[in-house]
Amino acid sequence: MPCHDLVVDGDQSAVYVEDSVVVLSPISTAVLTSLVVDEWSDVHDVVCTIEAAFGTPPEESVFDGVCAVIDELATTGLVERVD
Amino acid sequence: MDRPTKPALRHEISLEVLGVRLVVRAHGSQAYVVADAVDRAWAWCVSGHPEDGRDALYVDVLVDAEEEIVRWAAARGWVAATSLEVLLHNLSPSITGRAIEQLAGQALMFHACALSEPATGATAVMVGPSGMGKTTLSRQLGQALAYVTDETAAVDADGTLRLFPKPLSILGSHGFLKEQVCPGDLGLVRPTLAPRLAAVVLLDRSPCAPATPSVAPVPLLSAIATLAEQISYLKILDQPLQRLAGLLQSVGGAYRLSYRDGADLLPVVRQLLRGEQS
Numbered sequence: 001m002p003c004h005d006l007v008v009d010g011d012q013s014a015v016y017v018e019d020s021v022v023v024l025s026p027i028s029t030a031v032l033t034s035l036v037v038d039e040w041s042d043v044h045d046v047v048c049t050i051e052a053a054f055g056t057p058p059e060e061s062v063f064d065g066v067c068a069v070i071d072e073l074a075t076t077g078l079v080e081r082v083d
Numbered sequence: 001m002d003r004p005t006k007p008a009l010r011h012e013i014s015l016e017v018l019g020v021r022l023v024v025r026a027h028g029s030q031a032y033v034v035a036d037a038v039d040r041a042w043a044w045c046v047s048g049h050p051e052d053g054r055d056a057l058y059v060d061v062l063v064d065a066e067e068e069i070v071r072w073a074a075a076r077g078w079v080a081a082t083s084l085e086v087l088l089h090n091l092s093p094s095i096t097g098r099a100i101e102q103l104a105g106q107a108l109m110f111h112a113c114a115l116s117e118p119a120t121g122a123t124a125v126m127v128g129p130s131g132m133g134k135t136t137l138s139r140q141l142g143q144a145l146a147y148v149t150d151e152t153a154a155v156d157a158d159g160t161l162r163l164f165p166k167p168l169s170i171l172g173s174h175g176f177l178k179e180q181v182c183p184g185d186l187g188l189v190r191p192t193l194a195p196r197l198a199a200v201v202l203l204d205r206s207p208c209a210p211a212t213p214s215v216a217p218v219p220l221l222s223a224i225a226t227l228a229e230q231i232s233y234l235k236i237l238d239q240p241l242q243r244l245a246g247l248l249q250s251v252g253g254a255y256r257l258s259y260r261d262g263a264d265l266l267p268v269v270r271q272l273l274r275g276e277q278s
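Note that the protein sequences, when read in sequence, are chains A and B.
Numbering-wise, the working numbering puts 29 at position 29 of the first sequence, and it's gapless, one number per residue.
Numbering-wise, the working numbering puts 208 at position 208 of the second sequence, and it's gapless, one number per residue.
Each hint should be verified, as a subset may be incorrect.
[To be verified] Reference listing, derived: stretches of chain B covered by chain A, where coverage requires no fewer than 3 residues with Cβ under 8 Å from a Cβ of chain A:
#, region
1, 219-225
2, 233-243
[What the hints assert, rightly or not] Listed below are several chain A residues computed to face chain B (Cβ distance under 7 Å; list not exhaustive):
#, residue
3, P2
4, H4
5, D5
6, Q12
7, V37
8, D71
I should point out that these hints are in silico values taken from the structure, not numbers from a laboratory.
C-beta: ideal position from N, C-alpha, C; glycine also.
So that you can see chain B by itself, here it is in the shape it has in the complex (with noise of 0.2 Å):
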C-alpha cells in the first residue's frame, strides 16, 4: 500500500521505568491528547530529570481513527490503535516489555508486586503468576504501604530494588479492556524513600483458604525452583541460581503466605517487614 502521510506532530514523555530512561513519543493530530493521557495514567513514572545524558529507550505511539494509517505505524513497531483507550491499554505491557529487555543479563526481575513500610523503606516482594491478584493486593495493601509496583520487582546485584510504580491496569467500563489508572487517583501512598528488599514472599492465594492468612518458610531449593519460573530472562544472568539464593538468604530466606482475601494481609506483611517471621 502506498505510506500514508507521516503524522507531523509529535509530544514526548519522559518516563523512568525500573531506572531505565524511556521516552514515549505521540505522534500525530492527537498527539496532545495521547501524551497527555499518558502523562496522567504514568505520572509516578514521569522523570524529573529528563535531559541527564543517559540514553534513552523510545516508544513510539500514534492514535488515528483511520486503520490503514495505524497498520502503518504498527508496521513500523509504533504502538497504534484507532482509540485512546486501547492505546493505552497495549502501551503498558509494552513499556514493560521494553525496560525488561533493557535489563536483562543485569537484574534479578519478579514477576511481583512489590509494596514497602513508608517510614524505613523496608519492602515485601510478593511473587505470583498472572491471575494471583498482585494489582489487587497492590490496591488493598497500598492504602497504607507505599506502592512499589504491581507488575516486576527489579532488583540488582548489589541488592539495590528499583522503582516501578506503573498505572494499575483495572478492568474497567470498556469491556475487556483494562484502564490503566495512575496510583495517586486510587489513593495509593507514593514512595518517598529508596525501596530496600527486606521480605520475598511467594503468594499462595486460594478462595480455599482458611480465612486467617498463614506465612510459612520456604525450603530455599523449593522457593528457587518456585521463584525462577517468575523471573525474567533468568537464564541470561551470570550464575543465575546462585544469585537467587544469594539474595534469599540476605533477606531469610522466603515465605509463603497463603490467603484467600488481600484484605486481611496488612498486619501479615507488617510482620514481615519487620523481620518477625524469622
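Bound-form chain A, shown alone (with noise of 0.2 Å):
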C-alpha cells in the first residue's frame, strides 16, 4: 500500500497516500483500518467487520457498499484488488 502515513480521528482518518493527503469517511475508515497490510483480504471478512461495525442498511447490500468503498479506495492506490 503506497501509504505513507495515517492518522485515525475519532471514526474518520487523513491518509497521505502519493503525494496528497485524503481525508476519509467513516466507513471507508474502518475498511481500510479492517485490511492486514501486506496481506491479501478476504472481502467477506471486511463485510462481517463493518456490519459488527455499521449494523445492516434495510434496503442495502452491505457486501455492494463495501466492495464499492473498496474500488473507490482502490482508485487513490490505498489498496490493492484482485478478484
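The task is to assemble the complex, starting from two chains supplied on their own in separate frames and drawing on the hints.
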C-alpha cells in the first residue's frame, strides 16, 4: 500500500497517499483499517467487520457498499483488488 | 567556451538560516560590494558565532558585467548575475532552498510567516500559499510582534521553532524584481526570546471577507490535509501525519483566520497567542 502515514481521529482518518493527503469517511476508514497490511484480505471478512460496526442497512447490500468503498480506495491507490 | 579567468577576490558572510550555518562567498571584482549588500539585507541572519565548529553550507555568488563570466559561474552552481539587484533577488530563494534541503527529514517546515509576542516568545505560525500576503502581514504585524520569518517556519520534533528573520522581498523600483530589505529597515521588532510555538493559523485572505476578521477552529483531519500542501519535504519525515497531528494537538489545534486586511489582525493574533480562542 503506497501509504506514507495514517492518522485516525474519531471515526474518520487522514491518509497520506502518493503526494496528497486524503480525508476518509467513517466507513472508508473502517474498511481501510480492517485490511491487513501486506496480506490479501477476503472481501467477505471485511463485510462482516463493517456489518458488526455499522449494522445492516434496511434496503442496501452491505457487500455492494463495501465493494464500492474498496473500489474507491483502489482508485486512490490505497488498496489493490483482485477478483 | 574557454574558461574565463576565475574571479579571485572573495568575501564571506556567515549566516544562521533556520538554525543551519550557511556561508555566502562573494567572488570577483565586486565581491566587497556584493558582500556588503548581503550583509545589510541579511543582517538579522548574520551569525554571531561564525566559527562555531559546525559544518557549513556554502553559497557562492558573483556579480559581473560580462555575461560570459556569469554563465561560467552559473554552470558551477553559483548564484550569478550581471547586476547586484538581480543577484539579491535570486539569492534569497537559493539560500532558503539550501537550508530547507538540509533540514529535510528533520523539521516540519511550513510555508508560513511567523510572529511572536516579544515579552513571552509565544509565536503564531500563519500558513498560506504564495500570494496569501505573508510578507505584507509580517510587515504589518511585525511593528508590534517580533518578526520570526515571512517564508518558512521550521519546527523540530521537540517543538523548537527555528528563527529565520530573512530580508523581506518587496516590490520596489526595479520592475518585476523584488528588493531584499532588512527587517530592521522596515521598523520590524527583532525577537529577543527564543520563539515558542503557540498557535497554528491557516490564512484565508479575501477581498470579499467581512471587514471584521474572524477566527474558527479547524477540525484536526481537515487541518492536516490543508497544511500538508504547505509543508516542504513532508513525505520524507518519519510518520509525517502523526507528527503533524501531535504538533497541532500540542497547541490546541489549528485555526482558520478569515480576513480582508492584515492591518486589522493584531488584536486577533494576540488573542490566539494568549490561547483565548481555545
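Taking the earlier hints as the rules, which of them does this structure contradict?
3, 7, 8
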